[in-house]
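Colleague: As a plain string of letters, each chain reads:
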Amino acid sequence: MTRYLLKRLGLAVVTLWLLSVIVFFAGQVVPGDPGRAILGNLADPRAVRALDHQLGVDRPLLTQYWSWITGLLHGNMGESYQYRSAVEPYVQAALVNSVKLAALAFVIVVPLGILGGVLAALRYGRATDRVISVVGLSAATVPEFVSGIVVIIIFAVSLKWLPVSASAGTGASALTQLDHLILPAIPLVFILFGYIARMARAGTIEALDSDYTRTATLKGLKPSVVIRRHVLRNALLPTITVIATQTGYLIGGLVVVETLFNYQGIGNLIYKAAQAKDFPMLEAGVLTIGVVYMVATLIADALSTALNPRLRLGTGG
Amino acid sequence: MTDIVVAPAAGVAVARPDQTGELTPWRLLLRRPTFLAGAVILLFWLACAIFGSLIAPHNPLAQQLLLTNQAPSGAHWFGTDQLGRDVLSRVIVGARSILLIAFAATVLSTVLGTALGLVMGYLGGVVDIVAGRLVEAALALPVVIVAFLFIVAVGPSPLTIIVVIGLVFTLLIARTVRSTVLVESQLDYLAAARLLGEKSVSIMFSEVLPNVVPAILVEFTVRLGYAIFTVATLSFLGFGVQPPTPDWGADIAHNYVTLGAGYWWMTLFPALAIASLVIAINLFTDSIEQVLAS
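Protein sequences appear in the order of chains V and Z.
Using my numbering, you'd call the opening residue of the first sequence number 1 and step up by one each time.
Using my numbering, you'd call the opening residue of the second sequence number 1 and step up by one each time.
Treat the hints as calculated values from the structure; they're not laboratory data.
All of these numbers come straight from a predicted model, not from anything done at the bench.
Glycine is no exception: its CB is placed at the ideal position from the N, C-alpha and C atoms.
Fair warning: there could be bad hints in the mix.
What the hints assert, rightly or not - To list a few chain Z residues with every Cβ distance to chain V over 10 angstroms, as calculated: (1) Leu65; (2) Ser73; (3) Val127; (4) Asp128; (5) Val163; (6) Leu172; (7) Glu184; (8) Asp188; (9) Ala191; (10) Pro210; (11) Leu217; (12) Pro243; (13) Gly262.
As the list claims (entries may be wrong) - Listed next, with one range per pair, are the computed distances between beta-carbon atoms: (14) Z/Thr258 - V/Ala172: 22 to 30 angstroms; (15) V/Val295 - Z/Arg133: 13 to 21 angstroms; (16) V/Thr217 - Z/Ile55: 54 to 62 angstroms; (17) Z/Phe103 - V/Leu303: 33 to 41 angstroms; (18) V/Ala43 - Z/Val127: 45 to 53 angstroms; (19) Z/Val107 - V/Thr217: 50 to 58 angstroms; (20) Z/Val183 - V/Trp66: 38 to 46 angstroms; (21) V/Tyr212 - Z/Val127: 38 to 46 angstroms.
Bound conformation, chain Z alone (with noise of 0.2 angstroms):
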């Protein structure tokens, strides 16, 4: 079904007659120029995470008590803040917390969330009405909530991020895998596998697990956005990165009371960080989804 490549839709970009070489969806997706800019967008802030220290000019942790709250200049492109440091520094370093909390509560609920959806949606029957009853009740909560009740029992972290995004998650890649092993399962290759004996668990991880990767892969970024959004969130709520480690969220509602005073820099740079990180995600996303919808 991925194989099968139609010509792109018209108006997007129209294919020239002489191109009769075969369009694959990886050159379907760079012709999108969303694509292109959330890829450029994210590649950025990827270099950012990892050589964060390298790049910042200034070191994002050191005060200059005699140059607090100074707006955007020469010397600090983008201000300092109350205790007079450099907030571009701050910027660059601080994409480095929300992608690695965001991509490990991600890759933990893919992982979990894969393996209960293939168990609901394969067994079915009882375990599936149990499971599925215990996913509603935990989803009738919005994930903020969740997350309080969690944090106010172990305790803000970076950790306990991880783990509330992480579970939430899980529950609803299971829900997404669960009904795409059912449409897998009406699938002849299937029966003909339980005819030839083969057990219930080599079945699920040899033939259905296979057949429902891609699903799980547009599942992964579509959630890796999701976390991105919800870590910052918790993070603005003082729940992640404790002070003095340089994080948008964070450092957004460390400074934001100085709005009053109209010290804008502080929180609108990291602000659009978060901003231009999100959207950036999702143009990548969706990108995606489209090219393998079509």
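Only chain V is shown next, with the shape it has when bound in the complex (with noise of 0.2 angstroms):
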């Protein structure tokens, strides 16, 4: 197990060399130079050219990935375009931000998920079960910003229950957050839930069809004993790679969700610097999300490894 989880943490590693090498040069393409996106277009062009120079990025391409990626190794992501200063203070608020937005989704969405796909898989083949697959599954292909439209529509211009925006303001009690943040997490909500559930239901069924579930059952334990001792804790392995699994899928839906309801997250701030041409704080953000993503993965593959005893004594697989 320590040598398939080595082998993954090594492939992280080379994976996420490459995505500095495609985020990096991603940026190297563009037409026009820095000092020009900075001064603008009236600018005295030996402005430009110290600027460039200042800057560093009049030297050749190989060097200046060299300094990068060493910097990044020394924990400096190097200097906004837009601010003049130094990027990482603004990646960390916003990755905290966006932690904060995200966990709240998850916590509203993972009891949810698991329930409908458990109650589905109890009635299988039924109404009850046919009608939360076909709402999970249509939830889950609606993009994040036409429901976040729609429930700002619904509780925030005609109810007036709940905030428009999600920035509660600097100093906001957590109670305040929270309430700016109910709207936002929604559309993640409706993203997820059909994933969980379905994965949810699929270990169920599986679980509920199992020989150890007809010995229980056949032993005279109570179905209610037999559905939480057994079917449960099987049915629960998948469902918990999938959770680690979407954390890819939510960053994706943040920069959607962060942009709609203008809160200073992760997705808002690569949005902003990739409109801005702010390429140091374009790429310091696209890493993080790398990191974060390649770090998720990790947990999970380690999670259903540490949980699933076939995986853990190595027989199967």
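Since each chain sits alone in its own frame, please combine them into the complex, following the hints.
Modeller: Set out below in structure tokens:
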């Protein structure tokens, strides 16, 4: 098991390095130079050249990549073109905001999705099953900004129950922040519900069909005990994995939701950096997302290995 | 495998005993209400995409500066936007850009993905390992972020969106086709073809390809749904069709700031249009998958 995880870790590092190359060079194909972009079209060409030199963007590409990547390894992510200061504080603050929003979405969706999936499996083939499956599938296919618009119109514009903007302002209490984050979390919940419910449903159906469940029932255990002790434990294993792998999707969803609700998270940071052609900020943001995704996938792998005796003992797969 | 037809699952629709005739997959599909609902909505939006300006009651580009921000009424069923344009007409004509871009991207990715998947799955070895690692690295990022990198590099346009979605989906389709090919290549007919001395390329296209076509068709419809999702999202972020061309995502992006003032109709109707289209495609796809699986 340790060997397997070490191998996965090695592959993750290689993938991250490839990602750093892709991200860095994508920023270099752009016509025009950063100095011009910062100073504007009317600036003196000499000033532009001086700024380019100061930013170091007039050096050969490989030299630039080398100094960028060695800087990264020392914890120095570069200087933002927009704000003319180090990017770390911005990335860090944005990441904290995004984690708050994502955590709220998970807290809502995980119990809901598991409940829906298990319920569908227990009513397998009946109307309840079909309704949960079709609703889950449909909710997962509607883009976040579309469901976001609909919930804004219902809960903020007509009912006036919740605020439209996600930002509670500085120094707001945790409860006020929560109030502002409920609406943005709903679109993420819609998308994730279908995936989690589907995995929980499939896992439960398989567990219900298994020999150990039949044995437990024949032994005379009450159905509720069978379900709690034997079915759920086995059914939730693949669900845990899918929850961790959905982190990748979640980040893409955050870009849209944070833009719609004007929330200062990592998705919004990347979006604004892309629009302003602020490459150090864009590169730092994208790479941060890559790291978060890799870590989440590794945790998912480790968890499913640790929880599954067949994998843990190295007899299966 | 596809010709064998099993009676419909219990509880869905019970076949009458006098109907001894074989149920074709097509007739099984027509019995599913979710398939019919999906197909009707899809046909409606296709008609709007093709005949848009003929059906629309007003010119979707005509601005009436004295009639801006009008709530829905008899003259303008869906109201007017910030420039006094008829929202209903913009929703009808807006079906064209999203369907066209999503369809082009899906066709591109299906063709390229099938070719790449065939090569990876059939040749195997080093080709498979190297291509597999590159696929994993590229898929480590959400599509939206990949799109950002592309769009920053080459600028926003419908063509950029087609290329971005086309390339990302190529990798996903290649992965599916590859695993289907791996299953196929265990079968005897391929060993026989190899023993007969046929060339790899000819085996790939004349023996393997026809047998993975059903899997590719299902993949195509699934990807089309995701493509519409992604096109709408990128348009909303301002990376696709540029104003004043009617486009659901772009129209929502331009009008959602007015929600604070209570002008809900400019964004709600395009949003419902997108929702109905993606849900219809998925009901359609889900029915096909379930019928093929039964």
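Colleague: Against this structure, judge whether each hint is valid.
Modeller: Right, here's what the structure says about each hint:
no. : hint                                    : in the structure
1   : Leu65                                   : holds (25 angstroms)
2   : Ser73                                   : holds (19 angstroms)
3   : Val127                                  : holds (18 angstroms)
4   : Asp128                                  : holds (15 angstroms)
5   : Val163                                  : holds (13 angstroms)
6   : Leu172                                  : holds (13 angstroms)
7   : Glu184                                  : holds (22 angstroms)
8   : Asp188                                  : holds (27 angstroms)
9   : Ala191                                  : holds (27 angstroms)
10  : Pro210                                  : holds (30 angstroms)
11  : Leu217                                  : holds (19 angstroms)
12  : Pro243                                  : holds (16 angstroms)
13  : Gly262                                  : violated (6 angstroms)
14  : Z/Thr258 - V/Ala172: 22 to 30 angstroms : holds (26 angstroms)
15  : V/Val295 - Z/Arg133: 13 to 21 angstroms : holds (19 angstroms)
16  : V/Thr217 - Z/Ile55: 54 to 62 angstroms  : holds (59 angstroms)
17  : Z/Phe103 - V/Leu303: 33 to 41 angstroms : holds (40 angstroms)
18  : V/Ala43 - Z/Val127: 45 to 53 angstroms  : holds (50 angstroms)
19  : Z/Val107 - V/Thr217: 50 to 58 angstroms : holds (51 angstroms)
20  : Z/Val183 - V/Trp66: 38 to 46 angstroms  : holds (45 angstroms)
21  : V/Tyr212 - Z/Val127: 38 to 46 angstroms : holds (43 angstroms)
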